Structures are given as structure tokens and as C-alpha cells.
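Using the hints provided, position chains D and X relative to the given structure of chain C.
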Amino acid sequence: MTRPLALHPDRALPHEPGVRAIAREILSQTEPLPLVSMHGHVDISVFVDNEPFADPAEVFIRPDHYLTRMLGSQGISREALGLPKPGTAAALPDPRRTWRLFCQNWRLYRGTPTRYWLEDVFAGVFGLTEAPAAENADELFDLLSEKLAEPGYRPLALLERFGIEIISTTDAAWDSLAKHSLLADRIGPDRVIPTFRPDALFAFTARGWKEGLARFEQAAGREIRDYPTLLAALRDRRADFIDAGARATDHGISTSDTTPLDPADADRIFQAALSGEATMEAEQAFNANMLFEFARMSVEDGLTMQLHPGSLRDYDAAVFANWGPDVGYDIPVAMNYSHCLRPLLEAFGHADGFRFVVFTLDEDVFSRELAPLAGAYPAMRLGAPWWFLDTPGGMRRYREAVTDSAGFYNTTGFVDDTRAYFSIPARHNLFRRVDAGYLATLVAEHRLGLDEAIETAIDLSYNLPRSTYPAARS
Amino acid sequence: MTRPLALHPDRALPHEPGVRAIAREILSQTEPLPLVSMHGHVDISVFVDNEPFADPAEVFIRPDHYLTRMLGSQGISREALGLPKPGTAAALPDPRRTWRLFCQNWRLYRGTPTRYWLEDVFAGVFGLTEAPAAENADELFDLLSEKLAEPGYRPLALLERFGIEIISTTDAAWDSLAKHSLLADRIGPDRVIPTFRPDALFAFTARGWKEGLARFEQAAGREIRDYPTLLAALRDRRADFIDAGARATDHGISTSDTTPLDPADADRIFQAALSGEATMEAEQAFNANMLFEFARMSVEDGLTMQLHPGSLRDYDAAVFANWGPDVGYDIPVAMNYSHCLRPLLEAFGHADGFRFVVFTLDEDVFSRELAPLAGAYPAMRLGAPWWFLDTPGGMRRYREAVTDSAGFYNTTGFVDDTRAYFSIPARHNLFRRVDAGYLATLVAEHRLGLDEAIETAIDLSYNLPRSTYPAARS
Amino acid sequence: MTRPLALHPDRALPHEPGVRAIAREILSQTEPLPLVSMHGHVDISVFVDNEPFADPAEVFIRPDHYLTRMLGSQGISREALGLPKPGTAAALPDPRRTWRLFCQNWRLYRGTPTRYWLEDVFAGVFGLTEAPAAENADELFDLLSEKLAEPGYRPLALLERFGIEIISTTDAAWDSLAKHSLLADRIGPDRVIPTFRPDALFAFTARGWKEGLARFEQAAGREIRDYPTLLAALRDRRADFIDAGARATDHGISTSDTTPLDPADADRIFQAALSGEATMEAEQAFNANMLFEFARMSVEDGLTMQLHPGSLRDYDAAVFANWGPDVGYDIPVAMNYSHCLRPLLEAFGHADGFRFVVFTLDEDVFSRELAPLAGAYPAMRLGAPWWFLDTPGGMRRYREAVTDSAGFYNTTGFVDDTRAYFSIPARHNLFRRVDAGYLATLVAEHRLGLDEAIETAIDLSYNLPRSTYPAARS
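Read top to bottom, the protein sequences are chains C, D and X.
With this note's numbering, you'll find the first sequence wraps up at 474, consecutive numbering, no jumps.
With this note's numbering, you'll find the second sequence wraps up at 474, consecutive numbering, no jumps.
With this note's numbering, you'll find the third sequence wraps up at 474, consecutive numbering, no jumps.
Derived by calculation from the structure, the hints in this document are not laboratory data.
There could be a bad hint or two in this list.
Unchecked claim - Some but not every residue of chain C turned toward chain X, in silico, with C-beta under 10 Å:
1) D404
2) F408
3) T441
Every value quoted in this text rests on a predicted model; they were computed, and no experiment measured them.
C-beta: ideal position from N, C-alpha, C; glycine also.
Here chain C stands alone, though its shape is the one from the complex (with noise of 0.2 Å):
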């Protein structure tokens, strides 16, 4: 037996009927609104090649760790899944097997965002009027198919039909920007832009480093020997990206240590990076060293930092071994931010024009140590709910541990994050829906006037995203 799929207009809208009417009303004021969409995971090539998407395995299920984890953590490994192993072709063996044990085991997403997202999805975007069961899985594939095979499901189209005002890709800081523009010469500038992410180029003891940095030095053109002219490289291509419309740099390391080296300190570790002979104790100080060194650049040159750190990358030596990363196995830890913020923030957080924007994994630092800091630095803003956190329940009790100390304004709005680019309408409207919710019960609580409450949604939904981002160059 098969059940229905139907987006009701009042979804994750607060359930007491006069709360709701008020969200109701805020909402139809911020639905509407365009996308902005600066940080996310989607590649250019995507829209550069602008091909229709393959097949619904391959677009719903092949880059979404959310779900894959989940079939996985009941037992569906990857291989039952027909899951590619990194190095091997992108093409799903059999794509329909395993679009129908996903289908299968619909039920396992129940309470999620996963199956929030999906729902969206399927009905919003491609007007499915059943949800997946063992039953009509193959039906659905064809219908999926079908529509994956249209024009207007091709990336560019759906880039408009979004509404996705501009949308940010996030490159490797050896990446060419060549398709990016490409892109902006087919499209216009300002459209799909590029953000700087040089982690790697710090990862001295990871498998690879030494590859990436070559490919840094071809990319900046420079010979790199030692640390200032590692800086002189950085600030180059951060240079190449700002002309390639960049907004941002990204930093997604474990922790947020950002105490600075001595410059000659720094070198030694770099020196000895170079040799093979960099510990992890000193790859760390110098993650911290750079952290501190990007916020400086930031000054310079006015991109915003986003910095994402907590996560335990690669939890699991044998899935990393087999599978490579960012297939589910990546664990949050206790993060201290107060500490270990306090030297960047003491440097540049009160520097003209500086944006620092922090996002967490561990929510119990925001009402803790972020919002505190969010509502005294000028220079930062608290990121979105993060991945994870990105969810109903995690963007509510956001506001609720945030809003105290940190208000609204020092806030960076929605900002998403994901490989999944159909997942992308359907989270910032799940956004606007929590805090259309949110906003409605302090103007139920008599907190806050209905008039106050709709321009604070718009600007949490469009104006802050924008504002937290420099304006276009040109």
C-alpha cells in the first residue's frame, strides 16, 4: 500500500492555532523572497556542462550522506546500496536497485530532515503525489527519470525556477576558476561564485599534501620554499578569486585554536612540513597560525571568514580506506570556542569592514560562548544551524539559545550547505518556516509587534544573508 505525499501549506509552522496564523502571515511575506545562497557544495561543472542529472539514484541518493548513513546504520551498507568506491566511474551500477531498496525503507527517516527535505523535493519540485514505498518504486523511477530528462531540470533552468539569486561553490585554493568564468560570461557575473577553502594546504601529514601543494604553486604561479612566500601565494589567489567574484573564504578544521606563531616558528613547521617531518602537534599550531593569518588577509581584502570547524573527519580508518570521505562518518566533539577564539577576536574583531562568521556542531555553545561573543565583537556573526543542526528542531532551539544575548542582527540568516541541489529550495523554506514560527510566538507572547516580526523575517531570510557577504565588485 502506498501513501499519499501532499506539502501541507502550514508544514513546520508552530501547531496552536492563533501562533500559527500569526506565522502564517509572516511567512507570506518571506516565501516569496529570492535565494541567496553563499556557501554550498554544488560543483561548477554542474553548471558550466549544464547536462540533465543522471537518475534519481544518482541525484538523490549517491551524494547524500543524511541518507545514506541512515540505510546504513540499519544494516544497508554501502555495497548493497551499489555505491561507487572513490576512483571508480560516478554511474551507479544499478541504479534502480538502489533507488528501490531506498524506497523500501522510507520509514527509517521518519522525524528527520532527511525525509523533510525529500518530501519537498519529490512533490514541490517534481510533482510526485505518492511517497516512496516498496511498492511504487519503479514507478517512481520512471517518473523521477522522465522529469530529469526535461529542459527545465537541467541546472541552469533550475537555478531560475529556485529562485537562487547567487549561489557560491567552494573551491580548493589550487582550484582553476576558468569555468567559473565561463559561467559568469554565459549567465552574467555574480551569479555562481566561487569561495577560497585552502584547508588542505595545511594538512602536511594527510595522504596527498604534497600533490596539492604542487598543484598550489602552478595554480599561484609561484614557487613556494618557505612560509612568506607561502603567505605571498595565499593572498595572490585569494586576489584570482575576488576577481572571480568570491565573497568568502571557508575553514573547516577540527578545531578553532587561533593562536598566532611567531612568523619564524611558523616557517620552521612549514620547513619541516616540506621535509616529511611535520608532527601533528605542529600541523595543528600551525592550522591555528593561519586561522589567525586569514582573519588578517580578511582585513586586507575584505572577504568574509566562515569559519566550520568540530567535526572529527573520517571517524572510521576502514569506511575512509574503502570508501574515502564525507560518506557519514564524520563525528562532532565539545568544542571551546571562548578560549580558543579569544586571540583572533582580540586582533581583528573590532577591525572596520571585517566579517567573521562562526558556525558550530556543538549546540551548547551557543548560548554559551558564541552568542556572548556574536553580541559584543562587531567583526562576527553567528552562522546558520550546521548540517547536523540543520534541521527543524536544531534552527529552533538556535534562536531560542542565541537570541538573548546575541539578538537577531548579529545573526548571518540562512546560510545552507549541501551537495544536494534540489535539497536547496526546500531548506531555505524550511528556514523561513521555523522562524516565521519563532517570531510568532514572541508576538503571540506580546514580545515583539506583528510589523516588527515580518521585517526582522524578510531581513533574517534575505537582508542578512546579503549584508554578512561584501557586495558585488564590479
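For chains D and X alone, kept in the frame of chain C given last:
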């Protein structure tokens, strides 16, 4: 003046009328289901002897450290309550006096789970119609004493009346299983089963460790002279427990470190312990190693492994010296699971048929660490809110914190954990109420169909507690 | 365009109509009760001089670091606000300009407790009917200034009008108590009382420590040449404070460690400090020891001991150098109470008549550590949500987190903690509203009778804050 006592059918359901109506409908499907009580602390003798319970003070006050600690925190000491010191006779010197003190202080329990459970027991099991008060203390004592003397209030009769399908005791590694056999012969197998709890064997620096080890040698019928013979004896005893119907082991140490030792190092520590020279540090390393080894054994023999870490046991030395353990002076500490469980999970987290159930007293780790881990590793299931968290609010926060990343199907459903036999139905019933409320909210927010909510509620109430533990061998 | 300002009688009550009706009924019983304000930061001179308050900027903006930090976080610097640097005259150079900046930025406070309190003060105490805005800034400035000049707005008149039964100042160990005597002679004893706060005496490495010690010697009338004379002088001064009406001591250091030192070691550290050679580590050990010793002194002399740990004070060195302390740059850190309080609680947690009130800025410890401790030790009471947590949401989460293990009667009821004299009634009133809402929810969920809820609300509003501190000596 006394107050009336009555159980409202909507107690602990959400108060908003629309959601409450949905919750009622869900609850109507789960309230009649049998109880699966796979982790408890009722002594096997209670069932084997099947004697009437002594008196209200002996039944409700003495064994309930939730209750006595609250009185103690308000200056009503264990002496004043006439509670027995360890080594003295079980019966309270003047149970009526103890009972009066409790009744006079009934107001202290407002808003607490103790109040909730006791109301359920007094009204639901004993049919009382007045709440405890100074004025009716003697009357209630008499009423309860009368009931307790009736045949229907003997332990085995209650097993039927409570709808307990299966209940587990907790047994030291050296405990005889003779009473379990006796009872199984009398009432059938798989009704009251043992659980293997070996912690005390590795508390090298605790009083009486050597005596415990000697008892274990006797029970195992083996001399234990080194680490290999220790492991062999543990394997033997686990087999004995399995033969007696056991489904699980339980591990209640203070940390959750699972780093294995080189067998030679483990042996060295164990030899030092035998010579009375183990340090606290060595003891901790050995315990971590044993968690790793117990996971290996569970993979081999199929016993579900339950981990209950995070309490600083016997916090107050003077209280412990005077009154012994389990008197309300165990205090939780902050936990780190992501790092600590990594060795165990990397080694066994994908092992076929392995079930690893993790509990916590530190709520912060639910969303940050435990839900992401349970949402990735097939072996791992999230235990129910435990001890200080086994409350209406604790249960609600638990679902809110874990469902995003772990869903419903990586949780165990309710696992009670109590010495208070009479409170078992109230505890299961409360969990069903809170889950009904949580699921009803999802329905009211249009995130779940009512049919799905009911199916999920039944799974959480009955099927998941069943499937978290192996089926009967017979 | 300006917005109307009016206090809704249901503000901050739960929005669901059924629960709100119950909450209203509870609140009607607690709203008229007198205020017990046992922990504050209003200077004794304010009451003794009883002068009119200067102007709106001086009254509402300058002393309120919640308010100025929010403006600062949005780039409106203390310079721009014309805030005085330490050592300069009290008055703001151009209060009207400061006030205008505040009014123009009123929207930044949406959803924050500052907004809530100020609305209560502006509408409730001053009768304003328009919310601050750029357009009406001068008009409001004039209106408020007029009122402030009226006799009914002088400090002592407000004491009556606010219904403050008793209020405490916070005084350094070396402060003269002459003004307290003077005021007691004038308006009667036990109305404005001192609190003994000795922290600065043990900040060996801070600027000006020696000068403070010299002032303390003078106040105590004793030479302090070693640890024993230090302890003796502290005991003498505590007696002076008791004579002047004090009921409590206050300790606001960064950690909560309470490990005692051997007296010889304490003396060695103190001697090193006298020679200017104390290390930071030694200072911390000495402070931990002093917490232990202060508990001992409280057991002896009956002063309630209040602990306010967990803030990284003066987080930003440049801000501190320019603007001094208490300007919004104190940032909380994660706390560990279970381990840290153990020595103190083991030694004195059961001592007759000892009252130990613990506060936290780290919400995570409420359910994990503080509620279990307060629910066991008779001496310990849980302080109210403090500072960053003294908010509608913080108060709600507090009750949710602590009631399970500590109940209501191991909490202190509301203890405000503010420099903002005018906000005291709003703060107490808010707490009564949130408690009314919390208790109403328990009633609506059939977990508490309305009569019990009302009795509990009155205890939390009045009786518990009274009984947490000793009665008047006279």
C-alpha cells in the same frame, strides 16, 4: 486538609487541545501493549520467594534513592528516616514513622518524576484516592499494608497484572544462577532472565575486590592466575548466563574509554592487581580494554552489550562509609563519547549481529555525539533516557535531540532501570505518553501521517525493545 | 513613524489559551508580593545621597552593559556613544546624542531581555506610550528627564514604589560600612544591607592588589603578615558586615575549584604574593582554598555563601585597558562543578544551617551536575538563572532542566543581579511570569493541582528568597 488523588487519562500528554487529541489516539494503541523490561534491578529472590512485600516504607521509601535523596536535600537525614545502615537488618526500625515523614513532605516532590510515578502507583496499583499528607499518613499506611498482604500483590501475581512479558535482573559475574533456573522451571523460561554485569571484577582498588575475584573463580570453576585465564573464565560465565536465558551484559563504569591494550600490557596490569599493586590509572586503562574485549565477546556470543557510563559513584566519602552505595550520592560528569568509543566502533561497529546500546547522563552528548554515532554504525542503538533523565522533560528533550540524526529506528524504545518494582508500569506508561506527544506534534506540524505515527509508537513501545536484544535460544 | 508602547497584561505568559488562563490565575497571586532583592550592584551612595538621577543616558545606557554591548556589536562604539573612560567624570559628555543613538537602534533589541526590561521600565515606571525611535528620541529624552526630576523618582521613593522589602548592595572586603549605618539609622535596619565580596583580596597578580590589601588592613584594623592573620582579618570583617546587616558573601571567580590547601602551603603562597612572586597557578590554588575556607566561615557565622563562577572576565585586553571592567566583554566558559565542588560539599554539605547558593553561566551543567548536587546536599541551593541566562527563555529552560532532580524547594527563587536599579521590578515580575507559565503547564498536563501551583509560585516569589538567607539578627 488532604488532597484528592486521581489519575487523569491525559496526564503528561501535550496540553494544546489539537495535539492532545492526536496523542490520545496514538496512546490508545500503545497503552495496552505488554512491557518488555530488559534492564532492571529487582532481585531474583523477590520472584523466587514470592513473599508479600513487607510494608509501605520498606516497599516505597527504603529502596528508592530518588525519594530519600530529596528528603535528605531538605535536611531530613537518613537517620531521621530510620534507614538501615549496610550490614544491619533489612527492615526499617519504625516504618510508620518513616512513612509519616515522607507524607508530611509530599510537597517537595512537586514537578518531579518521583511524584509522577508514585501517583501512578498509589492511585493506579493500590486504588488510593487521597494524596499523601500529614493528616492521612497513618490511614494510608494501613490501607497500603492491607493491600500488600493480599495475594494479588505478591511479586509473581504483579508480573501478570503489570503485563510484564519479560523482565531482566542484574547479576554480578560471580552470582549463582540457580534461582533463575528454579524460577524458569516454575513459571517457564524467558520470563525473568539474568544480565551479566562484570564491572566489580575490574575495580582493582576497591574494597573487597579480591573476595569478589575468589567468588568468581568459584563460580567459573577455574583458577584465574593471569589475563588469559581471566578472559577464558569470563567467556565461560557468559555461556552460563546465556544458558540461564541472559540476553545482555551491562557495563556501568565511570568513563566510556574503549582503548584496547596489548595483551601483554593487560596481563601486566592484572598481575599487579593480583599483587595488590594496581594504580588507579592502570585500573582505568584495564577497564577501557575490557570494554573493547566485551564487545569482541558480544560479537562472538550474541549478547547485547549495554553501556551505562558517566556517573561519579559514591561522591561523598562519609556518606559512602556510613550508608554504602546507591543512596543518592552518585553525580554525573561531562562525557566524551566521540573519542572514547572510537576504538570499539572502528573494530566492531559493523560486525554482524552485534548490538551495542549506549546510555548517558550527560544530555549534551545526545545531539552532538550519540545521535550522529547511532545514525552511522549498524551495531549501535541509543538507549532510552536514563536515571536523572528518565523523566517527562528528559524524554521529550531526548526525542528532540536525537531524532534528527538517528531517527526512531536507531533507538531502543524504552528500557527501564529501577529497583522500584511497583513503578515499572508507570515508567513504561509515561514513556508511551511522551512518545505519543512527540509523535502527535510531528503529525500536527504535517511532518508525519497519523498512521505512520501509530506504527512508530508501537515499534518504540514494543518491537524495538524486543529487537534490541536477541531472541530466545530455545 | 513611531510605534505605540504598552504593557500587555499577558506578556511573557504561555500563548496557548488554556495554559495562559491558568498562568494568569497563578500570577495574580504572586504579582503583588514584595520584592526580596538579596543580591545586587546598586551602590549604597545612591540610597544615602538620595539625589535625583541625572538624565536618561546616565540612567539607562551608561551602566547597562547588556545595552551598550549590543550597540557595540553592531559597530556603534563606546566612543560614538560618548561613554566615559575609567577615571573620567561620570556624566556623559552629550547625553542627548547618546540617547538618540540608542533610540535609532531600538530594533537591535528585538527578542532580547533588554527590550523586555526597558519596555517594562519605560511604560510601567515612566508611563511612556511610544517606543523609542529616531523620530521621538528628543521628546522621550525630555519626558524621561522631567520625570527623573520629580521627587517620586528619587532612589528612596522608588524603593517604596517598587515594593522592595529588602535590597542588598555588593561591597568589597575593605569597603566602609558607614553609609549602611547611616541609612539604617534613617530608614530602619534590614532594608538596604551589604554583602561581603572578598575576591579582589586574592587576585595576587592583578593591578592594584597591594593597594587593596592595604585598604583591607586598615578596614580590619590589623596587620596582615601571613595566612593566619589574613584569615583572622577576614573573620573580623565578616563580623563587621553581619553587624551592618549582611546576610551573605559573594564569590565571583573564574573556576569553581574548592580544593583546600595545607595551611603551610597556603601561607607559602600568600608570602610569595606579598613579595610580588605569586604565579597564576598558585593564585588559582589559593582561590580554591579560600572557597573552602569561606564555606567553613559560613558554617561558623551563618552568612549564606553565594558562588558566581564561570566567566572569563575582561576577555579583550585592549577593551579592558581603554574602558575598564564590566563593559560587556566577559565571556562564559564550560564549567565542571561535580569534581570542583566535591571537597567543599564533602566537608560542609551536611553542616547545620549552612546555605550554599551556586550560580552558573553554563546551562549544560543544570541538569547534569547542579540539580543532582542540589537534590542531594542539604546545604546547597540552586541560584536563579544569572546574567546571560536571566531571560524569558533562560528561565524556562532552567525550570525544565532542574526540577526533575532538584524539585522547586532546592532552588532559591529569584535572585536578581543588576546595576540597573530601574529594572529590578521588571526582572522579578518576569521571573514570576515565567514560573507562572511553567507551573501552569504542569497543571494543564495534570501533573500538579492549581492550589499546589499557587502555593509553589508564592514560595518561589517570596518565601524561598527569604529562607535562603538568614533572618535579621535583631
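Exercise. For which of the previously enumerated hints does the structure constitute a violation, in increasing order of number?
Worked result: Violated hints: none at all, because every hint is consistent with the structure.
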